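> With the hints as extra help, turn the sequences into a complete structure.
Following my numbering, the numbering of the sequence shown begins with 655 at its first residue and continues without gaps.
Honestly, the hints are just simulated from the structure, not real lab data. Note that the coordinates shown come from a computational prediction; the quantities given were computed from them, not determined experimentally. All C-beta atoms in this analysis are idealised placements derived from N, C-alpha and C, irrespective of residue type, glycine included. Some hints here could point you the wrong way.
[Claimed, not checked] Distance ranges between label pairs, derived from CB positions:
(1) Arg699 to Ser922: 58 to 66 Å
(2) Gly709 to Thr777: 13 to 21 Å
(3) Gly743 to Gly852: 48 to 56 Å
[Said to hold, decoys possible] In silico DSSO-like cross-links for lysine-lysine, where the CA-CA straight-line distance does not exceed 27 Å:
(4) Lys870 to Lys790
(5) Lys708 to Lys750
(6) Lys916 to Lys929
(7) Lys929 to Lys900
(8) Lys768 to Lys750
(9) Lys917 to Lys883
(10) Lys788 to Lys768
(11) Lys883 to Lys900
(12) Lys877 to Lys929
(13) Lys877 to Lys750
(14) Lys708 to Lys729
(15) Lys737 to Lys788
(16) Lys829 to Lys883
(17) Lys929 to Lys883
(18) Lys821 to Lys711
(19) Lys796 to Lys708
(20) Lys729 to Lys790
(21) Lys883 to Lys909
(22) Lys768 to Lys708
(23) Lys729 to Lys711
(24) Lys729 to Lys788
(25) Lys708 to Lys821
(26) Lys916 to Lys932
(27) Lys737 to Lys768
(28) Lys870 to Lys909
(29) Lys737 to Lys708
(30) Lys768 to Lys729
(31) Lys909 to Lys932
(32) Lys897 to Lys883
(33) Lys750 to Lys788
(34) Lys768 to Lys711
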Amino acid sequence: MRLFTITSFLAAIAFLPGTGFSQLNLPAASPSATVAQGIGLGEVRIDYSRPSLKGRKIFGSQIPYDAVWRTGANKVTNIVFSKDMDVNGNRVTAGKYALLTIPSTGEWTVILNKDADSWGAYTYNQANDVLRFKVKPRALAKPEEHFTISFEDFTPTQAHVVIRWEKVQVSFPVKQDPDAEIMAQIGSLTSASEVNAGTYIGAANYYFDTNRDLNKAFDWASKALESNKAFWVYALRAKIAAKAGKCDVAVQDAKAGLPEAKKANDMSYVLSLEKIIKDCGRN
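See the structure below:
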């Protein structure tokens, strides 16, 4: 009897905190997740937990309308900016913030708050808000079982943060304009005493893509060709020449690069070079 009592006691305290015994390790009901997206020259990362519907009515019930919500489960959802970003048209400095929301039927309020380490929204203090703005919810055709945050509709300099759960979706844009930083890099690197072909190629491409000085872009592409006669460098100068109205050079470069592009079976370049030859041949 004494042995049974001691054994039962030890079995019981094995599950008590602070006893030094091992604890049960079970799957989280709302598993943690991280999503990240490169935007401009920076990155946005979101750390959150993912609750599930499990047959429940969520908005207006489990999560009341017109009250601050942690935008997930467990610890407050975090959004981290590696560089200063524009969030829904508002400048936000680099750093980690709580991503909170106030769900409502007509519109949601999105909040970025300095207190990024709180558990839930229980200690939320509006005085720590960095940004507040309104967004319109959109009804989903099918319910989203698992709470989801994703990046969608992205370009090199912008993406939308999309929040979905139940039959509701809200989103907002995040943008990082790297132009000033890139132009400073180009100015510094192209004026150095030694400049490699990769720098000239990058600078020429950026000027072409952003509709800047095509003569300068052409000069940089020409300098790149002096040390790198790969078909993609011929293609670079060809497209710049064509856009600048220098069709003789464009056709010459396109014909020079086409055989190697075909040999490499790089159909993107093959089609591009063939188009330059065809279009410039009409002029």
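> Now tell me, hint by hint, if it's right for this structure.
Now for the hints, and whether the structure bears them out:
1. Here the CB-CB span from Arg699 to Ser922 is close to 31 Å, at odds with the stated 58 to 66 Å.
2. In this structure the supplied range 13 to 21 Å is violated for Gly709 paired with Thr777, their Cβ-Cβ distance being about 31 Å.
3. Here the CB-CB span from Gly743 to Gly852 is close to 35 Å, at odds with the stated 48 to 56 Å.
4. Of the supplied pair hints, the one linking Lys870 and Lys790 is violated, its CA atoms being roughly 45 Å apart against a limit of 27 Å.
5. Proximity of Lys708 to Lys750 is assessed by CA-CA distance (about 31 Å); at most 27 Å being required, the pair is judged violated.
6. Restraint check: the Cα-Cα separation between Lys916 and Lys929 comes to about 14 Å, which is no more than 27 Å; the hinted pair holds.
7. Between Lys929 and Lys900, the direct Cα distance comes to roughly 15 Å. Compliance with the 27 Å bound is thereby established for this hinted pair.
8. A distance of roughly 8 Å separates the Cα atoms of Lys768 and Lys750; the hinted pair therefore holds under the 27 Å criterion.
9. The straight-line distance between the Cα atoms of Lys917 and Lys883 is roughly 15 Å, inside the 27 Å bound, and the hint therefore holds.
10. With a CA separation close to 19 Å, the supplied pair Lys788 and Lys768 stays within the 27 Å bound.
11. Straight-line distance between C-alpha atoms of Lys883 and Lys900 comes to about 19 Å, which keeps the hinted pair within the 27 Å bound.
12. Between Lys877 and Lys929, the direct Cα distance comes to roughly 24 Å. Compliance with the 27 Å bound is thereby established for this hinted pair.
13. A hinted pair counts as satisfied when its Cα atoms are at most 27 Å apart, and Lys877 with Lys750 does not qualify at roughly 43 Å.
14. With a CA separation close to 20 Å, the supplied pair Lys708 and Lys729 stays within the 27 Å bound.
15. Restraint check for Lys737 and Lys788: satisfied, since their Cα atoms lie roughly 23 Å apart, inside the 27 Å limit.
16. Of the supplied pair hints, the one linking Lys829 and Lys883 is violated, its CA atoms being roughly 36 Å apart against a limit of 27 Å.
17. Of the supplied pair hints, the one linking Lys929 and Lys883 holds, its CA atoms being roughly 20 Å apart against a limit of 27 Å.
18. The hinted pair formed by Lys821 and Lys711 meets the criterion: a straight-line CA distance of about 10 Å does not exceed 27 Å.
19. Taken as a hint, the Lys796 and Lys708 pair is honoured in the structure, with Cα atoms around 15 Å apart against an allowance of 27 Å.
20. Between the alpha carbons of Lys729 and Lys790 the distance comes to roughly 25 Å, so the proposed pair stays at or under 27 Å and holds.
21. In summary, the hint linking Lys883 to Lys909 is supported, as the alpha carbons are separated by about 13 Å, within the 27 Å threshold.
22. For the proposed pair Lys768 and Lys708, the alpha carbon gap of about 32 Å is over 27 Å, so the pair is violated.
23. At roughly 22 Å between alpha-carbon atoms, Lys729 and Lys711 fall within 27 Å of each other, so this suggested pair holds.
24. For a cut-off of 27 Å, the pair hint linking Lys729 to Lys788 stands: about 23 Å separates their Cα positions.
25. For the hint linking Lys708 to Lys821, the alpha-carbon distance of about 14 Å falls within 27 Å, and the restraint holds.
26. Annotation: proposed proximity of Lys916 to Lys932 holds, straight-line Cα distance about 17 Å (limit 27 Å).
27. Distance check on the hinted pair: Lys737 and Lys768 sit about 16 Å apart at the alpha-carbon level, within 27 Å; holds.
28. Between Lys870 and Lys909 the alpha-carbon distance is near 23 Å, which keeps this suggested pair within the 27 Å criterion.
29. A hinted pair counts as satisfied when its Cα atoms are at most 27 Å apart, and Lys737 with Lys708 does not qualify at roughly 38 Å.
30. The suggested pairing of Lys768 with Lys729 holds, with an alpha-carbon distance near 14 Å, which does not exceed 27 Å.
31. The hinted pair formed by Lys909 and Lys932 meets the criterion: a straight-line CA distance of about 11 Å does not exceed 27 Å.
32. For the hint pairing Lys897 with Lys883, the CA-to-CA distance comes to about 21 Å; that is within 27 Å, so the pair holds.
33. Distance restraint check for Lys750 and Lys788: the Cα-Cα separation of roughly 21 Å lies within the 27 Å cut-off, and the hinted pair is therefore satisfied.
34. Between Lys768 and Lys711 the CA atoms are separated by roughly 30 Å; this puts the pair beyond 27 Å, and the hint is violated.
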